[in-house]
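*Asks:* As a plain string of letters, each chain reads:
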Amino acid sequence: MKPSNQSASSDRKLGKDEEQLLDDLGIFGQSRRTFLNQMSAAGISLMAVPYFTSDMFAQASKAPDLDPESLLNALEVNLKINGKTYPLQVDSRMTLLDALRERLNLTGSKKGCDHGQCGACTVLIDGKRKLSCLTLSATCKDKEVTTVEGLTQGTDLHPVQAAFLKHDGFQCGYCTPGQICSAVSLLDEAKRGEVSYVTKNVKDEVTQLSDEEIRERMSGNICRCGAYNNIVQAIQEVHSGKAEMPRWEFATEEQLEASRPAE
Amino acid sequence: MRPFQFHSPSNAAEALQKHTKDQKTHYLGGGTNLIDLMKEDVERPDHLVEVADLPFKEISKTANGGLMLGATLNNTDTANHTDVRKNYPLLTMAMLSAATEQIRNMATNGGNILQRTRCPYYFETSMPCNKREPGSGCGALNGANGKSAIFGWSESCVATHPSDMCVALAALNAKVHVEKEDGSSRVIPFSEFHRLPGDQPEKDTTLEIGELITGIELPESQFPDHYYYYKVRERSSYAFALVSAAVGLKLSGNTITKAGLAIGKVAHKPWKLEKVEKFLAGKEATLENFEAAADLAFEDAQPLSKNAYKIELGKKTLVQALVRAAARS
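One line per chain: the protein sequences are A and B, in this order. Under numbering that gives the first Met the number 0, the first sequence is numbered contiguously, ending at residue 262. Under numbering that gives the first Met the number 0, the second sequence is numbered contiguously, ending at residue 328.
Treat the hints as calculated values from the structure; they're not laboratory data. Since this is a predicted model, take the numbers as computed values, not measurements. Hints may be right or wrong, so weigh each one.
Stated by the list, open to error - Computed spacing ranges between beta-carbons, pair by pair:
hint : chain 1 : residue 1 : chain 2 : residue 2 : range
1    : B       : 253       : A       : 170       : 52 to 58 Å
2    : A       : 106       : B       : 232       : 48 to 54 Å
3    : B       : 39        : A       : 170       : 54 to 60 Å
4    : A       : 112       : B       : 190       : 32 to 38 Å
5    : B       : 136       : A       : 75        : 53 to 59 Å
6    : B       : 233       : A       : 192       : 28 to 34 Å
7    : A       : 225       : B       : 23        : 39 to 45 Å
As the list claims (entries may be wrong) - Residues from chain A shown here face chain B by an in silico Cβ test under 8 Å; the list is partial:
hint : residue
8    : 118
9    : 134
10   : 171
11   : 202
12   : 216
Beta carbons are placed, not taken as given, at the ideal position from N, Cα and C, and that holds for glycine.
Sequences and hints are given; from them, build the entire structure.
*Replies:* Put into structure tokens, the structure is as follows:
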């Protein structure tokens, strides 16, 4: 992030909304000065995201046209994303991930490594999980793409999404859209009886997945925060249909009380 | 990534026509290797010819009791196909040890056997590499060669072939079916499909410009019961092998009547163990014989400065694979 000249100065006068924001964040006095020195105005506005109304995220139905001169080897593609068709002119080099994020404002799919190593860009193409960073947009014509934005039914979360919340299957959340798309696909693969390298005898179909099977099948999605145990638990709950208790719980009032130092 | 023209032909003839036009033309299968290499500026094609959707997606029985795997079918569907799982479980196991579900869903069979080495000097454009830039030298020969070849390397290249699928295909004596621009076709025995580097390391295979892989043929199933693909790597999933072993055994009682063997990540091509196959035929499936077989397999190894460990590791890997294959009931 590039700090503006303005924000580099600790003496700069704050706008009313910025004052309000810092108040709400609980940053006052001297720490407010330090905070301002460390943060650019753009950074502060990022933290204000929860204050914005949800129509901030309303998606443009049509991607803005690019200046044809900025495209090399331009191609026309009709991208079918989450049941909607987007006619788009793309450079032959444009990956599906870049088309989603930069042209269609579908920023759920994340760019982690951009080399097919981390899985953050995982989407479903014709129902199968694939890496959008290694998929050229030009190869997606006539294919149905589902991104994490397309998994919800109206306002209802997909069961995998709900399970990730329940089991705390993330920390920073950056890999989560990829993890969730991957997990949704994994459940279908299990229904079809697909086997894996850890399957004892690949001649036998596997429909009930052990935790070990889930781990092997999710190895294409890296989580830098290391939320793997909770991710496996979340997937196992949806897969087995048996409610798994999260292996953590909120402290009760009594426990909180007991933890306070005596007066 | 450098600019390129994208072509999406609707049939093989059209694709082949495009491929003869220009040396800097690449077929695009699943793209899991090629697009990555283009982003790294290692591959710089002027034209990409998409072949992933060409109609070679069937798995069909051949007249002589074998199986034909379509070149554009993806790795997941190939590995999980009932006929492959039941009759060629060694291939299923090897294919599923590779990469991740996302990558296997994208990768085509033809693309898998054409994938390039993962030698770090090939990927790093500031380093010399005869495979990437003929004449620039081999950085690995006296450099970071811990994962390089111990068999069949030359002064100009010590790279290894990274595919797991290919190790099983070598053990199973597969054949590669190729179509040419004039409509004719040819069949390449798997052992002659990949080549040793010699003084032309830029050429991985014996495939020519203007040829297109249409299928991979498996002979009649020989090892449906006693099989194992043992892959040793630095983590237990989603990593290339340090060494791997593909083993298929045919047993009569405890006597080996036939063996199909190959080891991976030790040479510029999957390393078929014909001599060891012959050695084991007629012998009892005992640990002693397996260890003798492993000694024989590695007797001609020529390690580089940092990869002598691959000999001991490779022997143990092969013995483990043999033990596990024989122990299956």
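*Asks:* Take a look at whether the Cβ-Cβ distance between residue 233(B) and residue 192(A) falls inside 28 to 34 Å.
*Replies:* holds (31 Å)
*Asks:* Assuming the hint says 54 to 60 Å, is it satisfied by the Cβ distance from residue 39(B) to residue 170(A) or not?
*Replies:* For residue 170(A) against residue 39(B), whose Cβ atoms are near 30 Å apart, the range 54 to 60 Å is violated.
*Asks:* Let me know if the C-beta of residue 134(A) comes in closer than 8 Å to any C-beta of chain B, holds or violated.
*Replies:* holds (7 Å)
*Asks:* Does the CB of residue 118(A) sit less than 8 Å away from some CB of chain B?
*Replies:* OK, holds: residue 118(A) within 8 Å of chain B, min 6 Å.
*Asks:* Tell me if the beta carbons of residue 253(B) and residue 170(A) are separated by a distance inside 52 to 58 Å.
*Replies:* holds (53 Å)
*Asks:* Does the beta carbon distance between residue 225(A) and residue 23(B) stay inside 39 to 45 Å, or does it fall outside?
*Replies:* holds (43 Å)
*Asks:* Look at the Cβ atoms of residue 136(B) and residue 75(A) and judge whether their distance stays inside 53 to 59 Å.
*Replies:* At roughly 44 Å between Cβ atoms, residue 75(A) and residue 136(B) fall outside 53 to 59 Å, so the hint is violated.
*Asks:* Taking the CB of residue 106(A) and the CB of residue 232(B), does the distance hold inside 48 to 54 Å?
*Replies:* At roughly 34 Å between Cβ atoms, residue 232(B) and residue 106(A) fall outside 48 to 54 Å, so the hint is violated.
*Asks:* Holds or violated: the 32 to 38 Å window for the beta-carbon distance between residue 112(A) and residue 190(B)?
*Replies:* holds (36 Å)
*Asks:* Holds or violated: the hint that residue 202(A) contacts chain B, with Cβ atoms closer than 8 Å.
*Replies:* Hint holds; residue 202(A) Cβ to chain B Cβ min 5 Å, cut 8 Å.
*Asks:* Quick check on residue 216(A) please, does its C-beta sit within 8 Å of some C-beta on chain B?
*Replies:* holds (6 Å)
*Asks:* Taking 8 Å as the limit, does the beta-carbon of residue 171(A) come near enough to a beta-carbon in chain B?
*Replies:* violated (21 Å)
In summary, the structure is inconsistent with hints 2, 3, 5 and 10 from the numbered list given earlier, while agreeing with the others.
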